[in-house]
Amino acid sequence: MKTIDWTRDELVAYILLFAANSDFKESEEERNLIISKVDLQTFQDIHDEFDRDNDYQGIQKIMTSLEQHNYDKDDIDILMEDIKVLFFSDGDFDITEQNMLKCLNRLFKTL
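Those letters in the sequence shown? Residues 1021 to 1131, by this note's numbering.
Worth flagging that the hints you see were computed from the coordinates, not collected in a lab.
Hints are not guaranteed to be accurate.
As the list claims (entries may be wrong) - Pair by pair, the computed Cβ-Cβ distance ranges are: (1) Asp1025 to Phe1113: 19 to 27 Å; (2) Asn1125 to Gln1080: 28 to 36 Å; (3) Lys1022 to Ser1047: 31 to 39 Å; (4) Glu1049 to Thr1023: 32 to 40 Å; (5) Gln1077 to Ser1047: 17 to 25 Å; (6) Lys1093 to Ser1047: 13 to 21 Å; (7) Lys1122 to Ser1047: 26 to 34 Å; (8) Glu1101 to Asn1041: 18 to 26 Å; (9) Ile1115 to Gln1061: 30 to 38 Å; (10) Gln1088 to Ile1115: 28 to 36 Å; (11) Asp1112 to Glu1087: 14 to 22 Å; (12) Lys1129 to Gln1064: 26 to 34 Å; (13) Asp1094 to Phe1044: 18 to 26 Å.
Said to hold, decoys possible - Using 30 Å as the maximum straight-line C-alpha spacing, the simulated BS3-like pairs for lysine-lysine come out as follows: (14) Lys1122 to Lys1045; (15) Lys1081 to Lys1057; (16) Lys1129 to Lys1045; (17) Lys1122 to Lys1104; (18) Lys1081 to Lys1104; (19) Lys1057 to Lys1045; (20) Lys1022 to Lys1057; (21) Lys1093 to Lys1129; (22) Lys1104 to Lys1057; (23) Lys1045 to Lys1081; (24) Lys1081 to Lys1122; (25) Lys1022 to Lys1122.
Note that CB positions come from ideal geometry on N, CA and C, so glycine has one too.
Could you put the whole structure together from the sequences, leaning on the hints where they help?
Now the structure itself:
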């Protein structure tokens, strides 16, 4: 895949949006948590891009950008903690979110 021209904040916003939508609903609490990590304009811009992408495109963009930003194990650990906080933010850590957490964890270990 070609290079992705995202900042680290845009990458974080995209990953958190990807995770938040794993159960096909994006709660207000999840949105607020993402906005607390990045500014509102970044959130809106990345949300528009996220809405245009399918799952395959999203995963490709995430993995390409993680590599471009040289994410290491410590960065991935922090990212996974942010994802866990996101999943618990609406008080409902359902099986779909649990499976997404496992999948992302496995996927990110391939870096």
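Exercise for the section: Kindly indicate which numbered hints from before are broken by the structure, ordering the numbers from low to high. Expected result: 1, 2, 6, 7, 11 and 13
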